[in-house]
Each structure stands twice: as C-alpha cells, then as structure tokens.
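Asker: Here are the chains, one letter per residue:
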Amino acid sequence: MIHSLFLINCSGDIFLEKHWKSVVSQSVCDYFFEAQEKAVDVENVPPVISTPHHYLISIYRDKIFFVSVIQTEVPPLFVIEFLHRVADTFQVCRRSSNVGDTLPTGQLSNIPWRRAGVKYTNNEAYFDVIEEIDAIIDKSGSTVFAEIQGVIDSCIKLSGMPDLSLSFMNPRLLDDVSFHPCIRFKRWESERVLSFIPPDGNFRLISYRVSSQNLVAIPVYVKHLISFKENSSSGRFDVTIGPKQNMGKTVEGVVMTVHMPKAVLNMNLTATQGSYTFDPVTKVLTWDVGKITPQKLPNLKGIVNLQSGAPKPEENPSLNIQFKIQQLAISGLKVNRLDMYGEKYKPFKGVKYITKAGKFQVRT
Amino acid sequence: MTDSKYFTTTKKGEIFELKAELNSDKKEKKKEAVKKVIASMTVGKDVSALFPDVVNCMQTDNLELKKLVYLYLMNYAKSQPDMAIMAVNTFVKDCEDPNPLIRALAVRTMGCIRVDKITEYLCEPLRKCLKDEDPYVRKTAAVCVAKLHDINAQLVEDQGFLDTLKDLISDSNPMVVANAVAALSEIAESHPSSNLLDLNPQSINKLLTALNECTEWGQIFILDCLANYMPKDDREAQSICERVTPRLSHANSAVVLSAVKVLMKFMEMLSKDLDYYGTLLKKLAPPLVTLLSAEPELQYVALRNINLIVQKRPEILKHEMKVFFVKYNDPIYVKLEKLDIMIRLASQANIAQVLAELKEYATEVDVDFVRKAVRAIGRCAIKVEQSAERCVSTLLDLIQTKVNYVVQEAIVVIKDIFRKYPNKYESVIATLCENLDSLDEPEARAAMIWIVGEYAERIDNADELLESFLEGFHDESTQVQLQLLTAIVKLFLKKPTETQELVQQVLSLATQDSDNPDLRDRGYIYWRLLSTDPVAAKEVVLAEKPLISEETDLIEPTLLDELICYIGTLASVYHKPPISGPPLAASSVQMGAVDLLGGGLDSLMGGSGFTAPGPAAPAGMGAPLGSGLGDLFDLTGGVGTLSGSYVAPKTVWLPAMKAKGLEISGTFSRQVGAISMDLVLTNKALQVMSDFAIQFNRNSFGLAPAAPLQVHAPLAPNQSVEISLPLNTVGSVMKMDPLNNLQVAVKNNIDVFYFSTLYPLHILFVEDGKMERQMFLATWKDIPNENEAQFQIKDCSLNADAVSNKLQGSNIFTIAKRNVEGQDMLYQSLKLTNGIWVLAELRIQPSNPSFTLSLKCRAPEVSQYVYQAYDAILKN
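Those protein sequences? They're chains V and U, same order as listed.
Letter by letter, the first sequence follows residues 1 to 364 of this note's numbering.
Letter by letter, the second sequence follows residues 1 to 876 of this note's numbering.
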C-alpha cells in the first residue's frame, strides 16, 4: 500500500509529508522533480514514475502535487482514486475554518454511508442534473466527436432513515452509468428506478455518459477565419459565435480561449460584445463574451502581429469554448418523480438542470 | 471559535506551561492542553518531553481526548519505546471497554505503534478483538494482523492469527470479509508461495456476497482476490461473471478496472458461441470508455490497460474509435497513449477517419506528439493495406510543409512502408531526395541512406548522394555509419564499374580509421566477402529481406495473456510482468520504455548478413581481464556435466579442409542457468593461429556470445584448445529454418570462416519452468487442440520415475503423475528462455518400450524440437 505521501506546491517546496510505515527520505522526490523538469508543463508530469527502489504515483490538483511513494505492488488506480479523495478532503477543510466540524463523527450505523439519528427541522432533498458537452468540431463545422458527461449531484437533508425512489421520464437515455454505492443495482436493472437510502448531505448520486451522436446537440456554432500571410509579419483573425441547437434557451457565460502560436507578438482586435485579453507571455487569447443574443451575434476581429522575421506559424490554434445553459439538460433527461418511504414527514423536493461546455474544442 | 488558535501560541516556556495544564484537574483544561500539544506536534515542534504527562491523560471516558492521546502515542512511541510500555496497560484495558469504538480504536493504535516490545503485549487483546461480537472491532482487528505481520511475521504465524484471519473470510459482515481479504492479500505479498488465499466455491460465494455490500476499497481487494481464482468449469465462470458485472457501474475507477480484470480472465473459459459471451463483450465497452472521462492520471492508467485489452479482444472497443481522439489540452502522456490505441483499433472501416485525425495532429504544437502522429501514419499504412496509398500521399503532403522534424519522421516511416510494400511506392523517392540536405537526425539520415542504397539502381546520382554523406563520415553517429557502409556496398554490387573508388573509400574509413568494433567488423566482413567471393557477397548483401508486419508492435501472445491477469496493477502500466516478491520490481523501466511507435522496426533495416550482437559482446581481441573468467567457465564446464542438463558429445562443426586448417568441434550445455558453447579448436595447418573471435548471426532465440572468445595463447600447429564460451539470449532475434539453426562466424589471423550448427532445444529450458497445477490445467484447456502435436519415443526402457528424474535434470518438470489402466501418465511443463511455455503429456506403458508424447504450446512450431530434446535426453 501507500508507504508515504508528500505534498508539493508549484514552487517545488515539500510542505507536508506523512509516513505510514517508516520514514522515506524527502530525497525520493528528486526523481519526481526530475520528471517535472522534463515535462516542462505541470500538467504533463507522468502520473506513474519508477525509481530504483520505489514507484511514485502522483496527481496534480489545485496547484498541488500529491506524490505517493509505493514499495509493493498495488493497483495504481486505487492509489490515484485515494489521492483524489485526500485532495477532496483538503478542499473541504480549506473551505471551513473549523476542522473539527468536518471530521466524521465515527458513529456506528447499519448503513456504512449514513450515520444514525439524523435530525432536521426542514426536510429537503435537492437534485442538480448537470451535463457537460465534450466535443471536437472540425474546421468545416462538422462534429468529429461529441458526448455528454452528466452527473446528478444531490443535497439531501432528511431526518431518520429515508428510503428514496427517483424515476425518470426517459430512463432509456442512461445506458452507461456509474452509481453511488447506496443505489440498489437490482432495482435499476429491472425497473430503471433509482432506489436508495441516501447519505446525509452533499454527494454525487450518479454519473452517466450519453455518446450516441444523434442525441448530442451542439448548442453553438463558430465561424472563424485565422490566417497568416506568407512573408509578412501579420495575420487576420475573425471569429463569430452563434447559437445552434439550444432548445430555445439562452446560451450564456460564453468564454473563448485560444492558445495562439508562439510567433504571435500581440493582437489588435475589436469585440462587438464582451471584452478580450491577450497574454503575450503565455500567448493565450481570452474573450469573455457573455450571453449570445441571436439578433446580434458576437464577433471578434482584427489583426494578429507576428514577431518580425519569424516564419509563418504551421499550426492552427484550436478554439476552446465555454458556455452555460440554465434549466436544460441537453440530453433531454428529465426527472419524473421522487418518492420517499420509511419516514412519515413530507420533504421539500427540488430538481435543477444545467448544461455546460466540457472540453469543447473547435479546430481551425 | 476556530481550531486555528491552537497553532498560534509561540510563547516561551511553552512546554512548561503545557505540562502544568496537562496535569490540571479540570477535564476541559486537560483537553485543551492535549489539543495544543497535538497542534505543536503537527507543525513539527518536539513535544516528546511531555510523553508521561500526555499518557496520563489516556485514562478517560472522553472519546475525543482519547483519540488525541492515541495520535500522540503513534507519533512518539518509536522514539520513546520504554515510555510507551507505560501505556500498554491502558491499551489492554481499552480493548475490553464496553464501547466498541474504544475497543477498535485501541487495537488500531496498538497496530500502528511499531515498537517490538509492545507487539508482545498486543497479541492477547488482538486475539480477543478478532473474535469480538461487534463487526467494527473485528474489521479493525483484521487489518491490525497485517500491520503486526509487517513488524514481526514470525509472531503472527506462531500465534495462529493467519488461521483466524482465514476464518474471517466466512464472517457474516461484509466489511469484515473485505478487510480480512485485504489483510491476507497484503500478507501474501511478502509470502508469494504461501497458500493464504486458497479459495473454494464456498469461500467464493462468501466473497461475492460481501462484494455487494462492502466499501469501494473493500470491493477492490475482493475483486483482485477473485481474479486469482480458477473456476472449475465454464458454468462457474459464468455465474461469477454475472455477479461481478454490476461492479462495472461503480463510480470508483479502481473498482471498475478490477472488475474488468476478473471478467477478462474468466471470459477465457467461456465458449464464444454462448449468448452470454456476446452480452459480456457488449457490457465491457461502456465502463472502459467512461474511464476516459475521469481525471487525466486515471485516464493514463486506464489507457495503458485498454492498450492490453484491445490487443487481446479488439472486438470490445472496435466501434469506439472516436473516444480516443486527442483533445489539444490533454496531457502529453494521455495523448501518446490514445494515439497508440487509435492505431491498434485502425481497420479498413475507420481508416479514413483515423488518417484525417492523424493529419490534424501532425500540425499540433507539441513536437513529440507531432512526431508520433507522423509515425502513426506509417503504422497505419503497414497495418491496413488498403490505406497504404492514402498514407503515402498524406506523408508526402506533410513533407511539403518542410517543417524539419515532420520531414525527418516522414522519411523514417516511408522507409518502413518500402519494407512492407516493395516496388510499389518508389515513385516518391525523387521527392525524398530533395530533402536530403535538411536531415540532421541520425535516424532520418540512416533511413534516407538505406533508401538510396536499396534503390540505387533507380536513382541516377545515387553515388553522388552517398558520397556527399561520406565527407563527414567520422562525425556521423554509429547508426548512420553502419548504414552508409551497407548502402555503399549495395551500390557497388549493383553498379560495380563506377563505384569501385567509393567502396574502397568507405571500407578503409570503416576498418582503418574507426574505433568502433561493430563498424570495423562489419567493414572487414564486407571486405573479405567482396574480395573472396563477389557472388556470395551479392547473395548475402542483396538477399531478399523479410517483409515487416504490424505484428512487430504487438505484445507477444503468451506475455499478453500473462499481462491480462495483471490488469489494474503496476505491471499493466509498464506492460512487463512483475518480478515476484519484494523488493518491488527494481528494474529501471522508464516511461515510454515500451515505446511501440519507436523501436522494433529499426533493427530490421540493416539488411546485411551480420548484425553486431550488441555492446555486451565487443568483438575485440582477448582482453586480459577476461581470461580469468574464461578459466572459471572451463572449470564448471568439466564438473557441471554431472549435475546439469544432458550434454551431447562433441561433433565436428567445421572440418579443417573447409577452414584453411582450423577444425572446430563442439557441443552445447546448460548448467545452473548458464548456457555455454563448449568448443575444441584444433590447428591442423602448418602455421600458428591467433586473433580468434566469434560472432553469431541473428537466430530464433537470440543466442549470442556473452563474452569474447578467449584463446590465451596462439595455437601452434597440431595443438588443440578447449574453450567454453558463455552464451546469453539477449541477441537479435530472427526466425530460422530449422528453428534451432545457428550460423556462426569464426575469425582468426588467417581468415573468417562460416559454419552452421543445430543446437538442442533443451539448453533453452529454464529453471523456473514448473507450472502451478491449476495453471497447467487451465492452460492445457486453453490452448486449442490444433496446437497439439503427438510423437513416439521408441526403444526406451526406463520406468516413469526414472524418466521423471532424468527429464528434471534438463528442466522438464513433472507436475502430476497418474496411473490409468496400468499405464503411467506424466504431466510436464517447461519454459523456454523467451517465455514460451510447453505443456506435455507423456504416456508410458510398462510392457511397451515406445512412449507417446503429446505436446501443447501456443507456438506449435517449437514442438518438433522439444520432442527431439526429449528423445535425446531419454536415450542418454
């Protein structure tokens, strides 16, 4: 299992270490630093590194590396999943000032994920259906790849031992699902109903994936023209974003980011809507568009200045688009009803839908 | 009020103050003080001086306070073992507390205190806790056994804790079962041979029940444990699969991958005609795809495993190509893995899409990735014949971009395409030649030189092109030098009239001015070849080369099967089977060492008769250092024949009349894992012989000399010398016909001589060739019947035991013996140096001197030679 754990910040300081068996010297992290140096970019550090006497398995979260030292054979996914849980816990702790409050109370219960004797004055159950669209759109605007990553996050504050059943209008959409352990798998297999005794508080009930291409609507389109002239130190940039299959809802929170080629010195652009910034160091162009109104499509256009004498850039930058659509699950998933058994009171119930862009990329 | 206040006190005399507070009568004050102590400890201050005072606070019914004190103990017990003993009594008492939480806490803490003296006191409380009425205590105690085992294994065995732990597998509580499995798995890790997790259908049933109800971490342990079970028939395999499939929907990716492992393994036992088989295949795809939407680190491990899975069962993901398309902001390690899998999934049906993607990638920013993308286009061409033309035109487009590294990669892969489809795409050579000047990487230069040499007759100015490289010959890397040498010799053999001068020049550069023994040797070989027999030279140098195929990139099937059993482990990430037992595989495998896109093809491109056997075997003359070693080998050669495997008598391999008076006879032997070639060199000429050296051609099992040939003194006329040449099996591999053919070149001061000999296969039988019984049964069933070969061993009068003993001497191991209707059946296994397993059934009838040998092997071509080995061993 995990022998030791080191937490390392971006400037390479080991600021926390924990050893379960015996102390492993910090110098073992030198192998990690070596790999980090080789990877240049923090995101590119390989998650499994072998050293003469150990393996190092690491994750990168919130600008912190969690580096675990392994001495015996162990499933690496086990370790990585565990490290993410550790990171989750740190996140929770950082948000609340009193560490003591967030630690589990350690009460015994028949159901491992729920403590006994829960009591609320207001009994509430909220479900957020959140869908993210991952897509790659090619230059001509056709979809190379698209899928929806959905989750239902729940916030359940119900007294006692409630037994819930959640049903959908169209459960057939869900053919690739991962469940929270509280869900009774048999009921789902036979009746397509989510039946469970919920944990107390916030948790992820299910996550699912819809990949069948005809079910994945693409809510925005992008018209683009990015070109560099041969033997000249400038280029043109002209991008327009418009709504596509948005089911009559407003597309908002639109942000476009582009990693421009290295040779780009700066950009002189005009935005008809929102504001843009270009970071000449990282070469990242960010355009905060806001809401799309179909009457007047947002456009960003102007001149790209290249370093003088630099050759015409070979690569075409990809456009990364973020957006949000409230009150819509783009897959069409809809909750039908929520029933509660096992307790007498009447809970307050709520369902919220939201669609976002995940890794949404437009190639140019 | 927040907890942060505990971390802020930095007053002087702090320890003193804390001491007073710890000894306070007020409970609240005590608790506050312990909190301050813990806070100081956490930020690294030394508060060990407070040990007795803190331990005094241990006797309390306040759970929170107790936890804090335990935390302190865990941290300081190691540095203050004598003081820690003071706490033992309280621990023992706490283990009998009415509150199960306190009992569990006590036993857990005692397990964490890694002090030898304390462990003795731990035994009694632990024994009680293992049988506690509360499952929470039992599950905590189970883990404690593993912890104790790590400190003192002998103690755990003597106390019988292992048996108690085994009993807990049948516990009524799933959490206890899961922790017992976890503890046993961890203990088994340090006892690879022990049968700690000996599973039977009843215990399997218990595990499957617990699987549904325990925590996600427990599920991983149980699934990994299930994967080691061998179901007795396909019905049992199917029923386990049915109960494991729901785990594929788990949110924890480690659970999913462990479930995949169980299913992939047990599927082997299911008939493909079964409806259920198809259902299972369909169920496996979605969870694997889902893993790819997880965090990048998880994706990476998943992809490494998917890489194995698509090689074993490509049908599972054949429709899921698109999920492997690369996103521009994927980390590079994810990109490279996706690319590799894309090529594995490429088929005629989806090749257009794949090529469009690859072309897109070739214009990305990341240089490493672009290179691999270009290589991938080449691999597609080799894999999907129908796409070759499109691939070539895509590569030409890329060459037109003139981006330096793209051009170089493209040329390297076009060379491979030429090797696969000779005489088809040579029209592009002209375009390639235009880019000659821009090539600055050795691999690309070597590839281009190879192309020029290979197609010299079609390139008008081939001599000029090659000559231009020759100018800076000594600045080139070895790879380029070797290639240039070969290419110019090829050119000379094709156009002898105009290139005489050029070939002279390169031969003298290679043989006289170079320090590199590989280059020098190759130069000499060519030179002699050209001067003695130009016709033979032509046959050797311009020999038809074997076609390359995409299989070069595939993992060898037996290794793949082994790795499938290791899905989800580190072995699956590195695509190397684990070295059993701790310390953990210390091999210096680096990321990307199993570089499927890079290597493989390059070693094939030489095309000359001889490839140097690698840096381990410099062909230089007798280094004085080595001679002592040679003596040692001689010695073992003489003694070892008694104990080692069967050694055939020496036969004449090279008669004197064929080798200007040098006669070579020899045989092969294997003792304690070391293979050697035992030679007698006899000088039948009238002059003294010296400067001996030996090289092997590439052969089926990579046999190569492990040391230079050591002849201490010049060999006088009519004198003989016995030499034992140690061999290894890490040389270059090329399939020979017959399989055990070995071509040898021996050089002395007179000339170079060639001969070939057949080696008995049993010198390749390794010492750890004994298969587990279970494994044997499963493997025997698993190998299709058409791979079975039957032979008769005639005129052998030994009985079964004698046969068994005799064969064991040569590393053929008897796994089981059975008597069926008066005849003895021996079941045997052996393993070759390259990891190929051969399974045998030997039938012996008492009255009949003829034995029947049935051999099963995934590589059936070796069977005949294994039979020959059997025959030779048994008859001598």
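Hints in this document: simulated from the structure, not taken from any laboratory.
Among these hints, one or two may not hold up.
Unchecked claim - List of simulated lysine-lysine pairs, PhoX-like, C-alpha gap at most 20 angstroms:
hint: 1; chain 1: U; residue 1: Lys322; chain 2: V; residue 2: Lys312
hint: 2; chain 1: U; residue 1: Lys45; chain 2: V; residue 2: Lys186
hint: 3; chain 1: U; residue 1: Lys45; chain 2: V; residue 2: Lys18
hint: 4; chain 1: V; residue 1: Lys18; chain 2: U; residue 2: Lys359
hint: 5; chain 1: U; residue 1: Lys402; chain 2: V; residue 2: Lys21
hint: 6; chain 1: U; residue 1: Lys78; chain 2: V; residue 2: Lys21
hint: 7; chain 1: U; residue 1: Lys402; chain 2: V; residue 2: Lys262
hint: 8; chain 1: U; residue 1: Lys283; chain 2: V; residue 2: Lys359
hint: 9; chain 1: U; residue 1: Lys327; chain 2: V; residue 2: Lys359
hint: 10; chain 1: V; residue 1: Lys312; chain 2: U; residue 2: Lys45
Asker: It remains to establish, for every hint, whether it holds in the given structure.
Answerer: Status of the hints after comparison with the structure:
no. : hint                   : verdict
1   : Lys322/U with Lys312/V : violated (31 angstroms)
2   : Lys45/U with Lys186/V  : violated (54 angstroms)
3   : Lys45/U with Lys18/V   : holds (15 angstroms)
4   : Lys18/V with Lys359/U  : violated (47 angstroms)
5   : Lys402/U with Lys21/V  : violated (56 angstroms)
6   : Lys78/U with Lys21/V   : holds (11 angstroms)
7   : Lys402/U with Lys262/V : holds (18 angstroms)
8   : Lys283/U with Lys359/V : violated (26 angstroms)
9   : Lys327/U with Lys359/V : holds (8 angstroms)
10  : Lys312/V with Lys45/U  : violated (59 angstroms)
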